[in-house]
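Asks: The chain contents come next:
There are 2 protein chains.
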Amino acid sequence: MPITICEVGPRDGLQNERTLLSTETKLALIDRVVAGGVRRLEAVSFAHPKRVPQMADAEQVMAGVPRGGGVSYIGLVLNERGFERAARAEVDEVNMVVLATETFSQRNQGMSVEASLRAWSRIARMAHDAGIRPSLTISAAFGCPFEGEVSPDRVRAIARQAVDAAPAEIALADTIGVGVPTQVTELVGAVRDIAPGVALRCHFHNTRNTGYANAVAAVSAGVETLDASAGGIGGCPFAPAATGNIATEDLAYLLERMGVATGVDVRAAAATGRWIGEQLGIEAPALVGRADPFPR
Amino acid sequence: MPITICEVGPRDGLQNERTLLSTETKLALIDRVVAGGVRRLEAVSFAHPKRVPQMADAEQVMAGVPRGGGVSYIGLVLNERGFERAARAEVDEVNMVVLATETFSQRNQGMSVEASLRAWSRIARMAHDAGIRPSLTISAAFGCPFEGEVSPDRVRAIARQAVDAAPAEIALADTIGVGVPTQVTELVGAVRDIAPGVALRCHFHNTRNTGYANAVAAVSAGVETLDASAGGIGGCPFAPAATGNIATEDLAYLLERMGVATGVDVRAAAATGRWIGEQLGIEAPALVGRADPFPR
Numbered sequence: 001m002p003i004t005i006c007e008v009g010p011r012d013g014l015q016n017e018r019t020l021l022s023t024e025t026k027l028a029l030i031d032r033v034v035a036g037g038v039r040r041l042e043a044v045s046f047a048h049p050k051r052v053p054q055m056a057d058a059e060q061v062m063a064g065v066p067r068g069g070g071v072s073y074i075g076l077v078l079n080e081r082g083f084e085r086a087a088r089a090e091v092d093e094v095n096m097v098v099l100a101t102e103t104f105s106q107r108n109q110g111m112s113v114e115a116s117l118r119a120w121s122r123i124a125r126m127a128h129d130a131g132i133r134p135s136l137t138i139s140a141a142f143g144c145p146f147e148g149e150v151s152p153d154r155v156r157a158i159a160r161q162a163v164d165a166a167p168a169e170i171a172l173a174d175t176i177g178v179g180v181p182t183q184v185t186e187l188v189g190a191v192r193d194i195a196p197g198v199a200l201r202c203h204f205h206n207t208r209n210t211g212y213a214n215a216v217a218a219v220s221a222g223v224e225t226l227d228a229s230a231g232g233i234g235g236c237p238f239a240p241a242a243t244g245n246i247a248t249e250d251l252a253y254l255l256e257r258m259g260v261a262t263g264v265d266v267r268a269a270a271a272t273g274r275w276i277g278e279q280l281g282i283e284a285p286a287l288v289g290r291a292d293p294f295p296r
Numbered sequence: 001m002p003i004t005i006c007e008v009g010p011r012d013g014l015q016n017e018r019t020l021l022s023t024e025t026k027l028a029l030i031d032r033v034v035a036g037g038v039r040r041l042e043a044v045s046f047a048h049p050k051r052v053p054q055m056a057d058a059e060q061v062m063a064g065v066p067r068g069g070g071v072s073y074i075g076l077v078l079n080e081r082g083f084e085r086a087a088r089a090e091v092d093e094v095n096m097v098v099l100a101t102e103t104f105s106q107r108n109q110g111m112s113v114e115a116s117l118r119a120w121s122r123i124a125r126m127a128h129d130a131g132i133r134p135s136l137t138i139s140a141a142f143g144c145p146f147e148g149e150v151s152p153d154r155v156r157a158i159a160r161q162a163v164d165a166a167p168a169e170i171a172l173a174d175t176i177g178v179g180v181p182t183q184v185t186e187l188v189g190a191v192r193d194i195a196p197g198v199a200l201r202c203h204f205h206n207t208r209n210t211g212y213a214n215a216v217a218a219v220s221a222g223v224e225t226l227d228a229s230a231g232g233i234g235g236c237p238f239a240p241a242a243t244g245n246i247a248t249e250d251l252a253y254l255l256e257r258m259g260v261a262t263g264v265d266v267r268a269a270a271a272t273g274r275w276i277g278e279q280l281g282i283e284a285p286a287l288v289g290r291a292d293p294f295p296r
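Protein chains in written order, with the numbering used here: chain A, 1 to 296; chain B, 1 to 296.
Honestly, I wouldn't trust all of these hints.
[Claimed, not checked] Label pairs and their in silico Cβ distance ranges: (1) B:189 - A:199: 28 to 34 Å; (2) A:283 - B:267: 23 to 29 Å; (3) A:24 - B:182: 37 to 43 Å.
These are computed hints drawn from the structure, not numbers from a lab. C-beta: ideal position from N, C-alpha, C; glycine also.
Take the sequences, apply the hints, and build the full model.
Replies: Below is the structure:
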């Protein structure tokens, strides 16, 4: 089975880097990613510009992305106002985030888990009406920076409530990079049981060097899509040494060499990873672009 | 099943770092590693001091290691002269390396694969006679920097010849960090079929971010021991950006959180990883020591 790599560098990656990039540079990143074979991207967030200044130019970015060729653009939305902006900007998909714990939900979204699930239902309905695919990400599903361990039952309960709104896809996110493969197998299995037939996606950070092992576990568990960012950018601005998302180029190398087709050109992706690191003035955490090509 | 983590930082790690450490600092590293719960270490190499100057003090290191407490020290040997030095230094085990390809074998050991297999047989006999456990590492089993892809049949043929000398253990090494989990499953299965009852060990480098996924695959395939280095040190001196071995602390975090006991104290290991990075004047590639403890 092929795997879709969903490029989240333009959104989750850049949102968590210290350096603010111009709309032009963001579009150059998206152009490179698409040229390298990626066909699905989380391109922007429609969060309030005061809360997430890195994404204030979401409309301008969406106006400039290369359309056609089967490329699908996701906009992150957290409320109806965000959805309306996303719809006007002609995203192909919207992704809404529900946090797995109360503390993180209050800190990140200023509302309870219950309230964000109600917002998800409203957004999903609006999306279906507008012909936009709605997906839901359950964040901090593998552990919470405030509450610690997250019970799989908590993730199950959220998935059960979310499924009524007919998500096109449910994603499990290891937001702080604490998860391990056994958790992946358990949580993916749990969500598949609750939402049979719904597409599944996983989102891993490599903060503790478990991200790629988790990706392999997710593929084994039958997940269709994995998030990754060019260069592995997205280190949290409050923990400068922490790495970000798993890297598109390293994930593509790993999967392609395992015989799992991704459609991504590993060398093009590695070049993009190095390039975005230069734009951000950092050494991107991805490793394939630093190593000798193999096989030559 | 618990997994043994074999600490290779003092040998494979330090041998491939630019900075030469004093015997005292090497012994401080070994003391820290043992205090952190590791019970098996590749401590030194008895290669010719002119070829591997980093290991010229092998005898002095072995004279100073903390003995007892069930700790087993491995010395790397490449020929009979090396074995004699190792035996005099009272190692508990010797490890011999056979390269999987002719080109790498000539470049690394100045002899053919066939010749190194004959040397292995002689060394294994001497070891058994001396009551020292002999293990064999098949290096570059997952790919060769000179010849590219390595056929599993080549690894099978080497294992078949090596098994006559009654190895206490066979190790599969991804010397240049190109391997992926599907290869691990295939090669471990192949060697287990050829050498039933012989303990198996795997040695991974994280050069292309596949090392930890490979470690999980090795555990699933029933391998008893995994090599790792404190801090993940061992980046090749000729490719400064490349990472070294998988890191002891990151591997211990991954396995312990999966419910696989290692006996290693993750926080102590992370502190040792940061410490050895400071001694070498580098930022060690391990990630657990840079991240927030989880769970707190």
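Asks: Could you run down the list of hints and mark each one as holding or not?
Replies: Tested hints:
For residue 189 (chain B) paired with residue 199 (chain A), a C-beta distance near 32 Å keeps the hint of 28 to 34 Å intact. The hinted range of 23 to 29 Å is satisfied by residue 283 (chain A) and residue 267 (chain B), whose Cβ atoms lie roughly 27 Å apart. One distance hint, 37 to 43 Å for the beta-carbon pair residue 24 (chain A) and residue 182 (chain B), holds here, with the actual separation near 41 Å.
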